[in-house]
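Undergrad: Residues per chain, in single letters:
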Amino acid sequence: MAGSVGLVRSTVVVFRVLLGQLRSPARLTGLGLLGVLSMVISWSVGSGADPSPVQHLDNATGVITLFTFTLVLPVIALIFGVGALGDARDDGTLVYLWVRPLNQISVVFGAWLAATVISLPLIVIPAALSALLLDAGSELVMATLVASALAVVAYSAVFVMLGILSRFAVVLGLVYVLLWEGVVASLGSIGAKMALRGYANSIVTSRTGVRTELANSAESTSIIIFAIVTVVALLLAAARLATLEVD
Amino acid sequence: MADSSLPPPPPPPAPPVGQPADHVPPPPSADSRIETPLVGVYGVTKAFGDVVAVSDVSFTVGPGITALLGPNGAGKSTLFRMLCGLAAPSQGTVQILGKDARRDTAVRGRIGLVPQQDALFDRLSAQAFVEVAAITHGLDRPRERAAEVLGVVDLDPGERKPVGAYSKGMRQRVKLAAALVNDPDVIIADEPLNGLDPVQRKRMIALFRELGESGKCVLVSSHVLDEVARLGSDILVIAQGRLAATGNFHDLRALMDDRPHRIHIATNDPRALGAELLRRAIADGVRVIEDGVEFDTTDIEAFGLAIAPVARELDVHLNGLVPLDDDLESVFRYLVER
Numbered sequence: 010m011a012g013s014v015g016l017v018r019s020t021v022v023v024f025r026v027l028l029g030q031l032r033s034p035a036r037l038t039g040l041g042l043l044g045v046l047s048m049v050i051s052w053s054v055g056s057g058a059d060p061s062p063v064q065h066l067d068n069a070t071g072v073i074t075l076f077t078f079t080l081v082l083p084v085i086a087l088i089f090g091v092g093a094l095g096d097a098r099d100d101g102t103l104v105y106l107w108v109r110p111l112n113q114i115s116v117v118f119g120a121w122l123a124a125t126v127i128s129l130p131l132i133v134i135p136a137a138l139s140a141l142l143l144d145a146g147s148e149l150v151m152a153t154l155v156a157s158a159l160a161v162v163a164y165s166a167v168f169v170m171l172g173i174l175s176r177f178a179v180v181l182g183l184v185y186v187l188l189w190e191g192v193v194a195s196l197g198s199i200g201a202k203m204a205l206r207g208y209a210n211s212i213v214t215s216r217t218g219v220r221t222e223l224a225n226s227a228e229s230t231s232i233i234i235f236a237i238v239t240v241v242a243l244l245l246a247a248a249r250l251a252t253l254e255v256d
Numbered sequence: 017m018a019d020s021s022l023p024p025p026p027p028p029p030a031p032p033v034g035q036p037a038d039h040v041p042p043p044p045s046a047d048s049r050i051e052t053p054l055v056g057v058y059g060v061t062k063a064f065g066d067v068v069a070v071s072d073v074s075f076t077v078g079p080g081i082t083a084l085l086g087p088n089g090a091g092k093s094t095l096f097r098m099l100c101g102l103a104a105p106s107q108g109t110v111q112i113l114g115k116d117a118r119r120d121t122a123v124r125g126r127i128g129l130v131p132q133q134d135a136l137f138d139r140l141s142a143q144a145f146v147e148v149a150a151i152t153h154g155l156d157r158p159r160e161r162a163a164e165v166l167g168v169v170d171l172d173p174g175e176r177k178p179v180g181a182y183s184k185g186m187r188q189r190v191k192l193a194a195a196l197v198n199d200p201d202v203i204i205a206d207e208p209l210n211g212l213d214p215v216q217r218k219r220m221i222a223l224f225r226e227l228g229e230s231g232k233c234v235l236v237s238s239h240v241l242d243e244v245a246r247l248g249s250d251i252l253v254i255a256q257g258r259l260a261a262t263g264n265f266h267d268l269r270a271l272m273d274d275r276p277h278r279i280h281i282a283t284n285d286p287r288a289l290g291a292e293l294l295r296r297a298i299a300d301g302v303r304v305i306e307d308g309v310e311f312d313t314t315d316i317e318a319f320g321l322a323i324a325p326v327a328r329e330l331d332v333h334l335n336g337l338v339p340l341d342d343d344l345e346s347v348f349r350y351l352v353e354r
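Sequences listed follow chains A and B, in order. Position in the first sequence counted from 1, then plus 9, gives you the numbering used here. Position in the second sequence counted from 1, then plus 16, gives you the numbering used here.
There may be inaccurate statements among the hints.
Said to hold, decoys possible - Which residues of chain A face chain B? A few of them, derived with a C-beta cut under 8 Å, are:
1) S229
2) V241
3) V255
Unchecked claim - SDA-like cross-link-like pairs, simulated, lysine to any residue; straight-line CA separation at most 20 Å:
4) K115/B with G101/A
5) K184/B with D156/B
6) K232/B with P79/B
7) K184/B with Q133/B
8) K184/B with D213/B
9) K184/B with T102/A
10) K115/B with V255/A
11) K115/B with K232/B
12) K177/B with T102/A
13) K177/B with G29/A
14) K115/B with L141/A
15) K177/B with Q113/A
16) K177/B with P34/A
17) K115/B with A251/A
18) K184/B with L223/B
19) K184/B with G101/A
20) K202/A with L75/A
21) K115/B with S56/A
22) K184/B with I221/B
23) K184/B with D201/B
24) K177/B with H65/A
25) K202/A with E254/A
26) K115/B with S33/A
27) K115/B with D170/B
28) K115/B with N112/A
29) K177/B with I234/A
30) K184/B with R217/B
31) K177/B with L75/A
32) K232/B with A222/B
33) K177/B with N112/A
34) K218/B with G80/B
35) K184/B with D100/A
These are computed hints drawn from the structure, not numbers from a lab. All of these numbers come straight from a predicted model, not from anything done at the bench. Where is the CB? At the ideal position from N, CA and C, for every residue including glycine.
Extracted from the complex, chain A is given alone in its bound form:
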């Protein structure tokens, strides 16, 4: 009676199920408020004293890269990325996906899609609105849109993987975001290369010409790095899922 399950069909069903599970009102409200906070800060900076157009662009870019890209973006991606499979693992519902004749790639891919789709509007819309409220020109708005969208894709993959690798994924993720990307990465070039935030900042720098922290790549390089990180993280997550002991 049972047949083989196509990769696309199984990915879509996993995506739908996990998207529904991630969409808890409390989580959406809490993380939505983080986005609102970034907009409020941007509005206050945007409507403040305006020394010169160049200085204003520098200040505005600083707000985007130092607050939106350092805190809002990775934290929202972390909560949804880890939750996509980590929650299912913790509450026991992962059993219903694991015991089915599915390729583990489709489970991981569906989880990543769910995390990305729910994170994107919560991150990209406030980020773009923040850039608008900063009133520093359309280049910063476009740069913020592109950089944040691409970064969400990569961060989500990394955090989906982390959710499968560890039961303390949120803590580890926060350590990566706050300690590694926030402190260690700024101490040397090797650390900076391993910080996703650096590649998001690089895109902003490429498009605005404003020097930002950790930015040392061309836009094309940043896009390639995001793509590689995404693929590798998802493959590692699928490999780990296949050998996971599921409760």
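Based on the hints, put chain B in the right spot on chain A.
TA: Below, chain B without anything else, positioned relative to chain A:
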């Protein structure tokens, strides 16, 4: 039919009731002309660090209902998780239809699992939940099939309420529907009767019997002897991670009666009563305690017949009689210790 004997020739006999399974049958060879058992567990041990959850368990199971009976924490769920591929044995081999479900994704399509944990995708309706199961099994008409199996477990496919708002009994039935959606050859149900009311329990037991009679292998775990009795199944008794006995309900019941029993009697003259029952060899051991006397006996029936006449002869008052080990836990303990 549960069988702890070997599948390939010559099959050694199943261990008698109450006997621990002290042999480790090898898994059937690839070129075996003997039919592969639906479920095969061969010398399986599972340890979590220093804690051994399952210890050197071997049995094979064919079509029909087989109950895995044991107290909470005996290792039943761990064994079921290994059967479904959710966990890997530390030692030994576990096979469903001759395949290792942990490595062989396809064989998972022939298993229906009712997990013990209560978790479901709580935001989905019952229909959507079972439909997800149907799609992930690659079924062609998932909506129709989901509605069909929900009907089998007496749930309304048109109910839009999310399963998160369902009662425990309804959630159990949703889990069962999801397990049946692919028409599996092997159904593994971990404590499926938990949380059901008596009517639902009766319906569920009838359904399991029907599935067993249709030639499917139905493995059901329970820690309640009466439930297992009503399933009319073969029984694998597991205690402290070991396969302690195999047989049917009557074998197990006899075992409960034949084992040594301990009875507490509250009386005004424990010494006289104890001495007389010992003299008549009705009791094997006597211990006088503060409010009465405790007797050990291997013949509970003779003891029951003799106690009142002896008390009358001695003019001793019997104020109370309590069996101290007439529960399943003590049977499990006895099986493990002997």
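Undergrad: If a hint holds in the structure, say so; if it does not, say that too.
TA: These are the hints, each one checked on the structure:
1. S229: This interface hint is violated because 38 Å lies over the 8 Å limit.
2. V241: 23 Å, violated
3. V255: 4 Å, holds
4. K115/B with G101/A: 25 Å, violated
5. K184/B with D156/B: 30 Å, violated
6. K232/B with P79/B: 5 Å, holds
7. K184/B with Q133/B: 11 Å, holds
8. K184/B with D213/B: The hint holds at about 10 Å.
9. K184/B with T102/A: Holds, at about 16 Å.
10. K115/B with V255/A: Given that 20 Å is the threshold and the Cα spacing comes to 19 Å, the pair holds.
11. K115/B with K232/B: 17 Å, holds
12. K177/B with T102/A: 19 Å, holds
13. K177/B with G29/A: OK: K177/B and G29/A at ~15 Å, within 20 Å.
14. K115/B with L141/A: This hinted pair is violated, its Cα atoms lying about 60 Å apart.
15. K177/B with Q113/A: 30 Å, violated
16. K177/B with P34/A: 18 Å, holds
17. K115/B with A251/A: Within the cut-off at roughly 16 Å; holds.
18. K184/B with L223/B: At roughly 18 Å apart (the allowed maximum being 20 Å), L223/B and K184/B satisfy the hint.
19. K184/B with G101/A: 16 Å, holds
20. K202/A with L75/A: With Cα atoms ~17 Å apart, K202/A and L75/A stay inside 20 Å; holds.
21. K115/B with S56/A: Distance of about 68 Å is beyond 20 Å: violated.
22. K184/B with I221/B: Judged against 20 Å, a Cα distance of about 17 Å means the pair holds.
23. K184/B with D201/B: Answer violated: K184/B to D201/B is near 26 Å, above 20 Å.
24. K177/B with H65/A: 53 Å, violated
25. K202/A with E254/A: 33 Å, violated
26. K115/B with S33/A: Violated, because 39 Å separates the two Cα atoms, which is more than 20 Å.
27. K115/B with D170/B: Not satisfied, since the Cα-Cα distance of roughly 33 Å exceeds 20 Å.
28. K115/B with N112/A: Roughly 17 Å separates the two Cα atoms, so the pair holds.
29. K177/B with I234/A: 45 Å, violated
30. K184/B with R217/B: 12 Å, holds
31. K177/B with L75/A: 45 Å, violated
32. K232/B with A222/B: Since the Cα atoms of K232/B and A222/B sit roughly 14 Å apart, the hinted pair holds (cutoff 20 Å).
33. K177/B with N112/A: Roughly 31 Å separates the two Cα atoms, so the pair is violated.
34. K218/B with G80/B: 18 Å, holds
35. K184/B with D100/A: It holds: about 16 Å lies between the C-alpha atoms, which stays within 20 Å.
Hints 1, 2, 4, 5, 14, 15, 21, 23, 24, 25, 26, 27, 29, 31 and 33, counting from the list given before, are not met by this structure.
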